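Peer 1: So you can see what is in the structure, the chains are spelled out below.
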Amino acid sequence: MAAIDPLWWVVGLIGLGTFAWRGAFLVFGRGLRMPDLVRRGLNYVPPAVFAALVLPGLMQWQADGTLDMPRLIAGAVAGAVAWWTRGTIPTLIAGMVMLWSLRALMPV
Amino acid sequence: MSPRRQALAAGLKAVAPMVAAITPFGVTAGVAGLDAGLGPALTMGMSMIVFAGASQLASIQLIDAGAAVPLVVLTALIINLRMLMYSAHLAPHFHHLPLGWRSLMAYVLTDQAYALTISRVMTEDSNRFNHWFFLGVGIPLWVVWQLSTAFGYWAGTAMPPDWELGFIVPLIFLALLMMSINSRAGVIAAVVAGSLSVLGRGLPAGLGLTLAALAGIAAGVIAEGRRGGD
Numbered sequence: 000m001a002a003i004d005p006l007w008w009v010v011g012l013i014g015l016g017t018f019a020w021r022g023a024f025l026v027f028g029r030g031l032r033m034p035d036l037v038r039r040g041l042n043y044v045p046p047a048v049f050a051a052l053v054l055p056g057l058m059q060w061q062a063d064g065t066l067d068m069p070r071l072i073a074g075a076v077a078g079a080v081a082w083w084t085r086g087t088i089p090t091l092i093a094g095m096v097m098l099w100s101l102r103a104l105m106p107v
Numbered sequence: 000m001s002p003r004r005q006a007l008a009a010g011l012k013a014v015a016p017m018v019a020a021i022t023p024f025g026v027t028a029g030v031a032g033l034d035a036g037l038g039p040a041l042t043m044g045m046s047m048i049v050f051a052g053a054s055q056l057a058s059i060q061l062i063d064a065g066a067a068v069p070l071v072v073l074t075a076l077i078i079n080l081r082m083l084m085y086s087a088h089l090a091p092h093f094h095h096l097p098l099g100w101r102s103l104m105a106y107v108l109t110d111q112a113y114a115l116t117i118s119r120v121m122t123e124d125s126n127r128f129n130h131w132f133f134l135g136v137g138i139p140l141w142v143v144w145q146l147s148t149a150f151g152y153w154a155g156t157a158m159p160p161d162w163e164l165g166f167i168v169p170l171i172f173l174a175l176l177m178m179s180i181n182s183r184a185g186v187i188a189a190v191v192a193g194s195l196s197v198l199g200r201g202l203p204a205g206l207g208l209t210l211a212a213l214a215g216i217a218a219g220v221i222a223e224g225r226r227g228g229d
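Protein chains in written order, with numbering that gives the first Met the number 0: chain A, 0 to 107; chain B, 0 to 229.
It is worth saying that the hints were derived from the structure and are not from the lab. Bear in mind the structure is a predicted one, so any value in this text is a computation, not a measurement. Heads up, some of the hints might be wrong.
Label pairs and their calculated CB-CB ranges [unchecked claim]: (1) B/203 - A/72: 26 to 34 Å; (2) A/35 - B/124: 12 to 20 Å; (3) B/162 - A/31: 44 to 52 Å; (4) A/85 - B/145: 26 to 34 Å; (5) A/100 - B/94: 47 to 55 Å; (6) B/181 - A/36: 18 to 26 Å; (7) A/63 - B/94: 48 to 56 Å; (8) A/7 - B/162: 29 to 37 Å; (9) B/5 - A/62: 50 to 58 Å.
We treat Cβ as the ideally placed atom computed from N, Cα and C, and that holds for glycine.
Bound-form chain A, shown alone (with noise of 0.2 Å):
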């Protein structure tokens, strides 16, 4: 029999992990009811997940330990943009925009 390798378990685990977790109310908890503490906190998910994924990726520290200004700077007009037209196109397009263009003004 061949070997299989092991790192076949890694993925294996971590994605019947991630569909439980996934399914946990959509495909197992049917019609589970939840208190009315936490439905009221639900409608707090997106802004709270979303601030904490986005927030460490605009703000990143250089080896000299200094902040990295134009990836700050770039993701505060990315968010004013986002603010204004609510569209991921603009967002996208003023991020990088700002950034190259701030790379090519400050070079390190």
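Based on the hints, put chain B in the right spot on chain A.
Peer 2: Only chain B this time, still in chain A's reference frame:
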């Protein structure tokens, strides 16, 4: 156009910019698999079985660093814990569907699919075809994720790192974040979660993200209670 097709088309339209935006992210996952010596089957297998970008990148890095299996699995599952919250938020809107549908939806559930669908059901909850909207969002994301991972594995090293295309990932979440804020309490939830996430970035196994998100949710609920909801 039938209402079913209409919902599907609305999903496809909403997801189009997201699909373009996840491409560099998927390419990165493919390049990471190549660099870590995972081989094509494991790299593609991970994209198909796990289908969650941040956890894929983190686990490939840990595998490459020689971390023990339980640590790799635990880290990935903590990073993906947010899917549990998405599942809880979406479930009441779809519990009338048969098991097959709900399983398919769970499998293709991602940050983007959740964000677009939850804002749709907030305005069109009475629409009986919202699951077709979800599918219109989820399927293109899945297909492009597989294609871009494959492209990354076989051709991605040709992409110049100077372009900093990795910056697109926080930009996607920035757009999703701004679209999701619709109240003062939402702003407070975002500020608390965002700042704690930066402070907690040093915590092991992606714990910072989960704890920061939970604190932000609590802050939102408290803020809402104080003002009687707005």
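Peer 1: Does each hint fit the structure? Answer for all of them.
Peer 2: Status of the hints after comparison with the structure:
Taking the beta carbon of each, residue 203 of chain B and residue 72 of chain A are about 30 Å apart, inside 26 to 34 Å as hinted. Remark: the range hint 12 to 20 Å for residue 35 of chain A to residue 124 of chain B is upheld by a beta-carbon distance near 19 Å. Checking the proposed 44 to 52 Å range against residue 162 of chain B and residue 31 of chain A shows it holds: the Cβ atoms sit about 46 Å from each other. Evaluation of the 26 to 34 Å hint for residue 85 of chain A and residue 145 of chain B yields a pass: the beta carbon distance comes to about 29 Å.
Checking the proposed 47 to 55 Å range against residue 100 of chain A and residue 94 of chain B shows it holds: the Cβ atoms sit about 49 Å from each other. Checked against the hint of 18 to 26 Å, the pair residue 181 of chain B and residue 36 of chain A passes, with Cβ atoms roughly 20 Å apart. Distance hint for residue 63 of chain A and residue 94 of chain B: a CB-CB separation of about 53 Å, consistent with the stated range 48 to 56 Å. A hinted range of 29 to 37 Å for the beta carbons of residue 7 of chain A and residue 162 of chain B is consistent with their spacing of about 34 Å.
With their beta carbons about 52 Å apart, residue 5 of chain B and residue 62 of chain A fall inside the hinted range of 50 to 58 Å.
Of the numbered hints stated above, none is contradicted by the structure.
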